[in-house]
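Keeping the supplied structure of chain X fixed, place chain Z upon it in accordance with the hints.
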Amino acid sequence: MVLTPKERVIRLFKREPIDTMPCFSGMGMVTIQVINEMNIRFADVHTSADHLARSAKLTADMFGYDAVVVPYDMCTVPEALGRGASLYQNSDEILYPTVPQKWEKIDDVVIPDDFLIRGRMPLVDQAITILKSETDGDLALGGWVLGPFTMAGQIVELNPLLKGVRKDKERTQAFLERMTDLVIEVAQHYQTLGVDYMNIREMGTGSDLLSPKVWENLIGPNLKKIFEKIEIPTINHICGSTDLIIEMMNECGADAISVDQKNNLTESRKKLGRDTLLLGNFDPYATLVTGDLSEVDPVIKKCIEDGADAVWPGCDIWPDAKRENVEAYVRAVREYGKKASPAVGRL
Amino acid sequence: MDLNRKQEILSKLAEAVVEFEEEMAREWAHIALDEGIDAFEAIMMGLAAGMETVGDLYDKQEYFVPELLLSADALYAGLDILKPHIKKGEIKNLGQVVIGTVQGDVHDIGKNIVKLMFEVGGFEVHDLGRDVPLERFVEEQLKTDAEIVAMSAMMTTTMTGMKKVIEMIKKKNPEVAIMLGGAPVTQDVADLFGADGYAESAGNAVQEAIKMISSLRKLQKKT
Chain X
1 MVLTPKERVI RLFKREPIDT MPCFSGMGMV TIQVINEMNI RFADVHTSAD
51 HLARSAKLTA DMFGYDAVVV PYDMCTVPEA LGRGASLYQN SDEILYPTVP
101 QKWEKIDDVV IPDDFLIRGR MPLVDQAITI LKSETDGDLA LGGWVLGPFT
151 MAGQIVELNP LLKGVRKDKE RTQAFLERMT DLVIEVAQHY QTLGVDYMNI
201 REMGTGSDLL SPKVWENLIG PNLKKIFEKI EIPTINHICG STDLIIEMMN
251 ECGADAISVD QKNNLTESRK KLGRDTLLLG NFDPYATLVT GDLSEVDPVI
301 KKCIEDGADA VWPGCDIWPD AKRENVEAYV RAVREYGKKA SPAVGRL
Chain Z
1 MDLNRKQEIL SKLAEAVVEF EEEMAREWAH IALDEGIDAF EAIMMGLAAG
51 METVGDLYDK QEYFVPELLL SADALYAGLD ILKPHIKKGE IKNLGQVVIG
101 TVQGDVHDIG KNIVKLMFEV GGFEVHDLGR DVPLERFVEE QLKTDAEIVA
151 MSAMMTTTMT GMKKVIEMIK KKNPEVAIML GGAPVTQDVA DLFGADGYAE
201 SAGNAVQEAI KMISSLRKLQ KKT
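Going down the list, the protein sequences come from chains X and Z.
For the first sequence, the tail end lands on 347 under our numbering, and the numbers increase by one without skipping.
For the second sequence, the tail end lands on 223 under our numbering, and the numbers increase by one without skipping.
Next up, chain X with everything else stripped away, as it sits in the complex:
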């Protein structure tokens, strides 16, 4: 029995047997080959619903992915809150948009009631709608939102935000609760538009930055609240050091956990048992951009051997990935993903 890509992804999240491991992600997957084929510049893709939808679909078609994911940049919500977006339209480099004007302190933050229709938010909605109509019944449609702390770091200067975690706990906590409501609103909005799974990327909270104790008190409870409010399959994604917090991540109630290459996946699998859906954990830059073609296969094989239920990149796939490396990644997932993974059996 051969499943459609969408069925494969949905069944994976339900931990139901599948035909083979899906190859997909909950982060950006567009590459420069697609951008070039569309005859546009990378900076242009973020400002057109058609470009976003078309590039996502072309990416899935070019490499044989099981899902499409939009948008690509992390500034859509900050921009809708009035913080602007630097698109680097004059740069020769491939640069993701950044937030030019963050608020200086958390007290300054104002969240307009209608932020969902401001900035490029409607454009992303439109891209999702186009993809939904063009891919429904075939490819899975992935959505993502930054987690509350990471979102906070996108709209408020990081220095006072991080210091507030230690020095101004109550106000920081109250602010993060506001951010949590914002994240829920965006995630539920995308859910209404029909995305099939929702990745909450709380990547600024690994143990490179915050202590496990802070994570337990300030980060975990908010993530838990988010996962309670989303009905479609959810992923709790954190990059950076996650070995010390992996069990707490699992207690937040998402359908799957996603980690990057800094995580010791074998150990995480031991800690979490065979039933938890674990996604990860290769370094997309080292494997797909700078690495030799011959290095791809063993990297992907190792992720599966270490206990990943689906091989996810630790972050966005960088647009200037080598085409042959990405192809080798997809090929390796198909090859080594035939056998059952710890949490998901095979038909």
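Please keep in mind that the hints were generated in silico from the structure rather than gathered at the bench.
For each residue, glycine too, the CB sits at the ideal point set by N, CA and C.
Some hints here could point you the wrong way.
[Unchecked claim] From the structure, some residues in chain Z lie toward chain X, with a derived Cβ separation under 8 Å:
{"no.": "1", "residue": "Gln61"}
{"no.": "2", "residue": "Phe64"}
{"no.": "3", "residue": "Gly104"}
[Stated by the list, open to error] Dumping the calculated BS3-like pairs for lysine-lysine here, alpha-carbon to alpha-carbon at most 25 Å:
{"no.": "4", "chain 1": "X", "residue 1": "Lys163", "chain 2": "Z", "residue 2": "Lys60"}
{"no.": "5", "chain 1": "Z", "residue 1": "Lys60", "chain 2": "X", "residue 2": "Lys213"}
{"no.": "6", "chain 1": "Z", "residue 1": "Lys163", "chain 2": "X", "residue 2": "Lys262"}
{"no.": "7", "chain 1": "X", "residue 1": "Lys302", "chain 2": "X", "residue 2": "Lys262"}
{"no.": "8", "chain 1": "Z", "residue 1": "Lys163", "chain 2": "X", "residue 2": "Lys163"}
[What the hints assert, rightly or not] Calculated Cβ distances over 12 Å to all of chain Z for the following chain X residues:
{"no.": "9", "residue": "Met1"}
{"no.": "10", "residue": "Lys14"}
{"no.": "11", "residue": "Gln33"}
{"no.": "12", "residue": "Ile40"}
{"no.": "13", "residue": "Asp44"}
{"no.": "14", "residue": "Ala49"}
{"no.": "15", "residue": "Ile130"}
{"no.": "16", "residue": "Gly153"}
{"no.": "17", "residue": "Lys167"}
{"no.": "18", "residue": "Gly204"}
{"no.": "19", "residue": "Asn264"}
{"no.": "20", "residue": "Val330"}
Structure of chain Z alone, referenced to chain X:
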């Protein structure tokens, strides 16, 4: 001066940094000056020694980035008072540093901490800020003839920009030392790009900078 008293004052300055007590750092910086401790010695053997402990605590995963930032604030508080009192010619002319985060990147915590450590160490720092167009690094290096260019990139996509800067600078002046910092930077990347040093996170950057300061402290002790 009583050596025990001197040691006490230096320890208090270090403690203020470790415990992120800005007021305490100011208070003991004044005491140090009032009681005749050399300002540069108070910085290096007091405040910088405290930051070295902070680096160790980060290494042991007892301290994290919020703690580093608060310690840095305490260090600045003491430094602001002590620095104007450094005797001219006392610091060896260590040189100049051009520092910034590359275009496409607005994360500057690691950069700011490294900048602080360079300042503590007596370098003249030219801070270009964040989201800096690549050619600005080259221009500033040429303008100042700085011996070190330190670049930070938190996002992987902006990292490739650093490679271009290194090539541009090394072409014009192969002697310039290049330091790279940021989450996606590894030793392999630093080697590949032709950089002379790297740090993968704000904490690592502090560790690297502290190693540099530790060497300086040893040098100062000898002289």
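Each hint tested on the structure:
Because the beta carbon of Z/Gln61 sits about 7 Å from the nearest beta carbon in chain X, less than 8 Å, this interface hint is met. Given hint, Z/Phe64 at the interface with chain X, holds; its Cβ is 5 Å from that chain's nearest Cβ, closer than 8 Å. Hint on Z/Gly104 holds. Least Cβ distance to chain X is approximately 4 Å, under the 8 Å limit. The hinted pair formed by X/Lys163 and Z/Lys60 meets the criterion: a straight-line CA distance of about 20 Å does not exceed 25 Å.
This hinted pair checks out: Z/Lys60 and X/Lys213 have alpha carbons roughly 15 Å apart, not beyond 25 Å. For the hint linking Z/Lys163 to X/Lys262, the alpha-carbon distance of about 24 Å falls within 25 Å, and the restraint holds. For the proposed pair X/Lys302 and X/Lys262, the alpha carbon gap of about 14 Å is at most 25 Å, so the pair holds. Using a Cα cut-off of 25 Å, the hinted pair Z/Lys163 and X/Lys163 is violated, with the two alpha carbons roughly 32 Å apart.
No Cβ of chain Z comes within 12 Å of the Cβ of X/Met1; the nearest lies about 39 Å off, and the non-interface call holds. Distance check on X/Lys14: its Cβ is at least 32 Å (rounded) from any Cβ of chain Z, clearing the 12 Å threshold; non-interface status holds. Listed as a non-interface residue, X/Gln33 keeps its Cβ farther than 12 Å from every Cβ of chain Z; the least gap is roughly 16 Å. Listed as outside the interface, X/Ile40 is consistent with that label: its C-beta sits roughly 17 Å from the nearest C-beta of chain Z, beyond the 12 Å cut-off.
Against chain Z, the non-interface label of X/Asp44 holds: every CB pair exceeds 12 Å, the least being about 16 Å. Every CB of chain Z is more than 12 Å from the CB of X/Ala49 (nearest about 23 Å), matching its label as outside the interface. No Cβ of chain Z approaches the Cβ of X/Ile130 within 12 Å, the least distance being about 25 Å, so the stated non-interface status holds. The beta carbon of X/Gly153 sits about 9 Å from the closest Cβ of chain Z, which is not more than 12 Å, so the claim that it is off the interface is violated.
Residue-level check failed: X/Lys167 sits 7 Å from the nearest beta carbon of chain Z, not beyond 12 Å. For X/Gly204, the non-interface assignment is contradicted: its Cβ lies about 9 Å from the closest Cβ of chain Z, within the 12 Å cut-off. Once the 12 Å rule is applied to beta carbons, X/Asn264 is consistent with being away from chain Z; the minimum gap is 15 Å. Distance to chain Z confirms X/Val330 as a non-interface residue, since its nearest Cβ pair spans about 20 Å, more than 12 Å.
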